[in-house]
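With chain A's structure known, arrange chain B on it following the hints.
Residue numbers (the working numbering), protein chains in the order written: chain A, 813 to 1344; chain B, 813 to 1344.
Please note: incorrect hints may appear among the correct ones.
Note that identical chains are pooled: a pair holds if it fits in a single copy or bridges any two copies.
[What the hints assert, rightly or not] Computed list of lysine-lysine pairs in DSS-like fashion (alpha-carbon distance at most 27 Å, straight line):
hint: 1; residue 1: 1185; residue 2: 1280
hint: 2; residue 1: 1185; residue 2: 873
hint: 3; residue 1: 1143; residue 2: 1109
hint: 4; residue 1: 1014; residue 2: 1028
hint: 5; residue 1: 954; residue 2: 1267
hint: 6; residue 1: 1342; residue 2: 1147
hint: 7; residue 1: 1028; residue 2: 1018
hint: 8; residue 1: 1014; residue 2: 1109
hint: 9; residue 1: 906; residue 2: 1249
hint: 10; residue 1: 1028; residue 2: 873
hint: 11; residue 1: 873; residue 2: 1147
hint: 12; residue 1: 942; residue 2: 1214
hint: 13; residue 1: 899; residue 2: 1186
hint: 14; residue 1: 1014; residue 2: 1326
hint: 15; residue 1: 1014; residue 2: 958
hint: 16; residue 1: 873; residue 2: 991
No lab work stands behind these hints: they were computed from the structure.
Listed here are the chains, written in short residue letters.
2 protein chains.
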Amino acid sequence: MEALVNLLSETLFSNFLTVKSFVSRKFTPRINCNVSIQTRRITVSSCQKTSTPVNRTLTMKNINPQIPVIEYAVRGAVLIRATEIEKELQNGVKKPFTEVIRANLGDCHAMGQIPITFIRQVLALVTYPKLFNEAQFPPDAKERAKQLLDACRGSSVGSYTDSPGIELIRKHVAEYIQKRDGGIPSDWQDIILTSGASPGIKDILKLMIYQSSGLKSGVMTPIPEYPLYAATLTEYDMIPIGYYLDESNNWGLDMSELQTAVNQSRAFSHPRAIVVINPGNPTGQVLTKNNVQEIIKFAYKERLFILADEVYQYNIYDPESQFFSFKKVMKEMGKPYSEMEVASFMSCSKGYMGECGIRAGFVEIINMDPEVKKMLFKAITTSLCPTVLGQVTTDIVVNSPKEGEPSYNQFIQEKTTVLESLRIKAKLISETFNTFKGFSCNPVQGAMYAFPQIKLPPKAIEEAEKQKKHPDVFYAFDLLEHTGICIIPGSGFGQDPGTYHFRTTILMPVDKLKTMLEKFRDFHTRFVEKYS
Amino acid sequence: MEALVNLLSETLFSNFLTVKSFVSRKFTPRINCNVSIQTRRITVSSCQKTSTPVNRTLTMKNINPQIPVIEYAVRGAVLIRATEIEKELQNGVKKPFTEVIRANLGDCHAMGQIPITFIRQVLALVTYPKLFNEAQFPPDAKERAKQLLDACRGSSVGSYTDSPGIELIRKHVAEYIQKRDGGIPSDWQDIILTSGASPGIKDILKLMIYQSSGLKSGVMTPIPEYPLYAATLTEYDMIPIGYYLDESNNWGLDMSELQTAVNQSRAFSHPRAIVVINPGNPTGQVLTKNNVQEIIKFAYKERLFILADEVYQYNIYDPESQFFSFKKVMKEMGKPYSEMEVASFMSCSKGYMGECGIRAGFVEIINMDPEVKKMLFKAITTSLCPTVLGQVTTDIVVNSPKEGEPSYNQFIQEKTTVLESLRIKAKLISETFNTFKGFSCNPVQGAMYAFPQIKLPPKAIEEAEKQKKHPDVFYAFDLLEHTGICIIPGSGFGQDPGTYHFRTTILMPVDKLKTMLEKFRDFHTRFVEKYS
Chain A
813 MEALVNLLSE
823 TLFSNFLTVK
833 SFVSRKFTPR
843 INCNVSIQTR
853 RITVSSCQKT
863 STPVNRTLTM
873 KNINPQIPVI
883 EYAVRGAVLI
893 RATEIEKELQ
903 NGVKKPFTEV
913 IRANLGDCHA
923 MGQIPITFIR
933 QVLALVTYPK
943 LFNEAQFPPD
953 AKERAKQLLD
963 ACRGSSVGSY
973 TDSPGIELIR
983 KHVAEYIQKR
993 DGGIPSDWQD
1003 IILTSGASPG
1013 IKDILKLMIY
1023 QSSGLKSGVM
1033 TPIPEYPLYA
1043 ATLTEYDMIP
1053 IGYYLDESNN
1063 WGLDMSELQT
1073 AVNQSRAFSH
1083 PRAIVVINPG
1093 NPTGQVLTKN
1103 NVQEIIKFAY
1113 KERLFILADE
1123 VYQYNIYDPE
1133 SQFFSFKKVM
1143 KEMGKPYSEM
1153 EVASFMSCSK
1163 GYMGECGIRA
1173 GFVEIINMDP
1183 EVKKMLFKAI
1193 TTSLCPTVLG
1203 QVTTDIVVNS
1213 PKEGEPSYNQ
1223 FIQEKTTVLE
1233 SLRIKAKLIS
1243 ETFNTFKGFS
1253 CNPVQGAMYA
1263 FPQIKLPPKA
1273 IEEAEKQKKH
1283 PDVFYAFDLL
1293 EHTGICIIPG
1303 SGFGQDPGTY
1313 HFRTTILMPV
1323 DKLKTMLEKF
1333 RDFHTRFVEK
1343 YS
Chain B
813 MEALVNLLSE
823 TLFSNFLTVK
833 SFVSRKFTPR
843 INCNVSIQTR
853 RITVSSCQKT
863 STPVNRTLTM
873 KNINPQIPVI
883 EYAVRGAVLI
893 RATEIEKELQ
903 NGVKKPFTEV
913 IRANLGDCHA
923 MGQIPITFIR
933 QVLALVTYPK
943 LFNEAQFPPD
953 AKERAKQLLD
963 ACRGSSVGSY
973 TDSPGIELIR
983 KHVAEYIQKR
993 DGGIPSDWQD
1003 IILTSGASPG
1013 IKDILKLMIY
1023 QSSGLKSGVM
1033 TPIPEYPLYA
1043 ATLTEYDMIP
1053 IGYYLDESNN
1063 WGLDMSELQT
1073 AVNQSRAFSH
1083 PRAIVVINPG
1093 NPTGQVLTKN
1103 NVQEIIKFAY
1113 KERLFILADE
1123 VYQYNIYDPE
1133 SQFFSFKKVM
1143 KEMGKPYSEM
1153 EVASFMSCSK
1163 GYMGECGIRA
1173 GFVEIINMDP
1183 EVKKMLFKAI
1193 TTSLCPTVLG
1203 QVTTDIVVNS
1213 PKEGEPSYNQ
1223 FIQEKTTVLE
1233 SLRIKAKLIS
1243 ETFNTFKGFS
1253 CNPVQGAMYA
1263 FPQIKLPPKA
1273 IEEAEKQKKH
1283 PDVFYAFDLL
1293 EHTGICIIPG
1303 SGFGQDPGTY
1313 HFRTTILMPV
1323 DKLKTMLEKF
1333 RDFHTRFVEK
1343 YS
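This is chain A alone, in the form it adopts within the complex (with noise of 0.2 Å):
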């Protein structure tokens, strides 16, 4: 236990690692949720060995204790660390490199892909009204622009909205759902807009802050998981139920495995909602519609709210697969499913259109409770509203030219362009890292990153352990300081103990992402004769 102390107050990833691991069945078993919490502890008071000067009032010691134990990996150490050598090669420092290239986050432009056109120019023309005037702009730019204009108070994108998103766009929000669902009626008023997905899922999660009987409400998220689920779970004090995706089954979910997961951790907690991200995040899956409809009735049997990240909706690769969403698969199953509560998220930062910076998407709410919907829209009044230019971009996303409208054509170019582009770039990440000595990479069948699986050689994971780093964290550093490439190890994002994965995203244009593969190569070739 002292060595994990130790660790824990070493590094933030062994740290995220071990809180996760504790309430994961295959390091130790789940009932054991008090080590869970007794470890967050000991990582605050950890902490408090290095807070400071006596005479502040906020301190590690009387700090909000859920804080020093959020992870969130995406915006982790490596990304400091590359954050920093971007300083010091500015700065002339010499490097084996001349540029990071910041593989971690899936921020689309930063990589080097164009807006979309038609989206820019009606934020152009609602942000300066002036430019109605410009014959540059085409007129159903300018014309979809005046619309969203009339629908915004005083004509004015710098007015508040009313909490849940400008009444227009929600509505063609629910008729791109209904579209997109082959009919499935949406209603508007079951729609929120956000700042972006995230908002939209801390709104969720918050409404399950509940404890019965001494119990929390636990949440089942996936392993490897998009972290943002693990810090929200920490930040609110809810315990999270990992539940493994089998990577030797291109990571699809395994229904025995919810069934274990959620038995067991009924001893620490109660169980309220299933996350399930499809297209997967970080491991690129696409499920299949049977596989939908297990998770369905699997969360049917045991009362679980689901909460359907579905952001990548747009970003399938593979020929073999098609995007099934949560709400269309229920409905269609009929009654008793169709009637269960469900969250969908979307988001406009990725997608083809990639304006992460944005800040927009949208939620929708089928089945809750009219009661609880109506705490839920008072609760997100206190943040007034969205960005009214991210809902703008969401009007366009859910809505865009159409047909024989003067900007289609272009804009089903500059769509198809990123789409496929990804597609190919998707197949070249997987197919080129299967040929790296002891890595094995699934797929990309959708999502924008590979996550492959590497093996380290011992010596490699004795010196990690001397560091004290994660094998995979240490392999991760290794990587940047050589080569420039910036990843996140896989254990930011959970994985089965004894194995180590990385994510990488397959943004950077083809050429670039050829070149990263080949430095890429001739580092892991290196890093295993090293340590062999």
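Frame of chain A; chain B shown alone:
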């Protein structure tokens, strides 16, 4: 007690008032905090009566118990009714008025205020860089836009930024603060850019969620206050410690009142922080330097973290008044005061720019424990980053066109026009209200609101009680139904028990404001006659 419970379950506003009042001294001794908490539980359980299907997973019986008790009056019941009325008018329902006058929210552009050209030009340029070729954009707007795009990854506002915002803009903010405070240094690494002031306020309060010896953290908040604070403290299950502003002394802060409030609060909370809103919302006062010094001394003695809500720092109308930032005053006081912990909040939604819908602002963190600051910076990463277009807006506000630059004259003219108009309206509104029978209104020295006290006839109070409405809520609804004027009842902000107030903005154009005031006078005269 039973009557109280009924009242609680009947109206939102009385609920809000009561929960607040229980922790305020004049209604009931502060030591009765248990009653407050019990009251909350009763409120929750009263909600359970209206709960729906047994089959739902998430119901009022197992929802986060803090959510039902959150109240946020600026988006509360009166506004909801106002929105309904707007729809009724659209659908041709006959009313004694043709439009709803939204005097409820500090929503500048919605009330006709014109956006600042330079802000919108730069926003348009960074959004759609093809506009760099357009002659209609002045060279300084282009130069600024180029500088900002260079600071964005991939030269796109669609990229994520660092979680505290773009370094260049944080540096500009620090320069702005340093200049504002007469040269007192500001470190850009103490600046966090935010999507409006609210998320910054929540981020800081979140750090203080803590319990020891069975006592939760308490935060001193003014009565009347901007209700975001009460709503956030409720959500975080922290204890609001209300301190009354002195209406008879133009809403100044009385040190003996602060002392009494904090002394009594120690029986049921750990007082951790004090919120001061300067210029005041809803009360419009501007604190004197002497008053700020006294508050700092008080906070030092009581070891309180200062949350300085300074979002109206541009909005000073009274020629005798001047804005003194807490940082400037505290730094000038020297040690030990200059070492105190302060977070100061600023927003682009107010001032002369009024860009509410863009969602932009910043917080300066002064003297925070470095370890705690690390935790804060970690915690904000889960929101990824504030909207980049909001960050760009902030940049222009803190680094506006300089004398001699092409856009300077127009910028100054637009800024002056807005602020001068607000100055005229601030005077007009308080002077006019003071001619109404039974109204007394302190001068609006700053911010964007008047908060007059109104004497209500006893029969009106009886009628309100019959309808189970707080008397000022009753009055606000009656005003809305008869005139279309939407104000916020004083009970939504807190007020001395037995007194009645409301908040109105001063934002509508002068002509419209005059018309509103005449309609208001007619209504009030008839209301008083009816209930005499």
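List of violated hint numbers, smallest to largest = Structure breaks hints 5, 6, 9, 14, 15, 16.
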